[in-house]
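**Student:** Put together the whole structure using the sequences plus the hints.
Chains as they are written, first to last, in our numbering: chain A, 1 to 111; chain B, 1 to 111; chain C, 1 to 111.
Hints are computed from structural coordinates only; laboratory data are not their basis.
On a predicted model such as this, the values are computed, not experimentally measured, just so you know.
You may find that some hints are simply not true.
It does not matter which identical chain is meant; a pair holds if it fits inside one copy or across any two.
Unchecked claim - Derived DMTMM-like pairs: lysine to aspartate or glutamate, alpha-carbon spacing no greater than 20 Å straight-line:
#1 Lys94 to Glu64
#2 Lys94 to Asp109
#3 Lys50 to Glu12
#4 Lys50 to Asp34
#5 Lys79 to Glu12
#6 Lys79 to Asp27
#7 Lys79 to Glu99
#8 Lys79 to Glu90
#9 Lys79 to Glu19
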Amino acid sequence: MPQLTIRGIAPERVIAISEALVRQLADVCGCGTDNFTFDCLQTVSAMDGKRVDTYPFVEVAWFERGMQTRDRFAETITKHLLAAGVPEVEIAFKVYSEEGYYINGMRCDAL
Amino acid sequence: MPQLTIRGIAPERVIAISEALVRQLADVCGCGTDNFTFDCLQTVSAMDGKRVDTYPFVEVAWFERGMQTRDRFAETITKHLLAAGVPEVEIAFKVYSEEGYYINGMRCDAL
Amino acid sequence: MPQLTIRGIAPERVIAISEALVRQLADVCGCGTDNFTFDCLQTVSAMDGKRVDTYPFVEVAWFERGMQTRDRFAETITKHLLAAGVPEVEIAFKVYSEEGYYINGMRCDAL
Chain A
1 MPQLTIRGIA PERVIAISEA LVRQLADVCG CGTDNFTFDC LQTVSAMDGK RVDTYPFVEV
61 AWFERGMQTR DRFAETITKH LLAAGVPEVE IAFKVYSEEG YYINGMRCDA L
Chain B
1 MPQLTIRGIA PERVIAISEA LVRQLADVCG CGTDNFTFDC LQTVSAMDGK RVDTYPFVEV
61 AWFERGMQTR DRFAETITKH LLAAGVPEVE IAFKVYSEEG YYINGMRCDA L
Chain C
1 MPQLTIRGIA PERVIAISEA LVRQLADVCG CGTDNFTFDC LQTVSAMDGK RVDTYPFVEV
61 AWFERGMQTR DRFAETITKH LLAAGVPEVE IAFKVYSEEG YYINGMRCDA L
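**Tutor:** If you want it as structure tokens, here you go:
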């Protein structure tokens with residue numbers, strides 16, 4: 001964590017920006033780059049009776065780090081995706097609680 | 001948003017109902033049809049030592065709109081999926097907060 | 001529900017452990033095995049400018065059952081995945097509310 005789950009953006013685009021993006025996100029969070037994951041979901045989307053391109057969307061799963069960090073985090077992702085040619089960027093944050101998160105069987109609020 | 005993320009239902013079925021469904025959901029929410037996304041996830045499911053069909057499931061990600069709208073929203077999806085031959089329909093609502101949702105870098109509670 | 005959504009672990013591994021795992025999880029929850037779903041997501045992951053293997057991750061979607069059950073639930077999944085050769089196991093619980101969950105159009109808090 002943080003874990004970026006991405007739909008509607010070609011994995012090649014995500015790969016291309018991943019190196020610069022993870023460095024800046026690690027700066028924003030003050031943590032190492034090895035805490036991050038960037039996962040692209042395979043989706044098929046529908047609208048108005050037709051198959052359509054999936055609308056670009058990033059869900060960020062993390063432990064809450066406050067509004068300032070969240071704003072900068074979203075700004076950083078947005079900047080990189082717009083620069084990579086994604087026309088619109090929507091990002092939602094999903095907050096996991098430390099008492100509901102386990103690493104190798106250990107609850108995070110007990111670590 | 002609202003964003004429907006669907007598993008266990010063939011994309012062709014979702015495509016087939018998408019036109020009528022989005023119109024009725026937009027009526028329920030009192031918003032335009034262009035706010036909606038219908039995304040089918042590619043999954044492989046397991047049970048009892050075998051690969052099995054994925055159980056049909058819809059997760060609706062949205063900003064909370066209250067019980068009455070939620071009931072009608074779920075009823076509308078259910079009706080269309082049952083009519084399309086899906087035998088059982090389970091729907092869960094996942095609530096995003098406006099302060100954790102960003103469009104082109106702008107936080108939604110600030111828009 | 002509970003619904004396990006798995007990424008970064010080959011479906012074959014999940015299939016191989018699914019029979020023993022679902023029995024033990026049903027024991028932990030005191031419910032039938034037919035309440036569970038194990039769904040593997042298809043993902044493409046990126047890091048440092050390269051495509052990489054997806055980091056193993058399990059999201060458990062359920063109605064909250066309390067810390068003791070949650071601990072045992074996570075421990076059971078972890079034990080099976082480590083035994084199946086997954087090197088590290090991270091599990092997050094996502095809590096659905098009964099008032100936002102619908103089965104065939106009926107809200108779960110009304111059932």
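**Student:** Among all the numbered hints in the text so far, which are the ones the structure does not match?
**Tutor:** Hint check: nothing fails, all pass.
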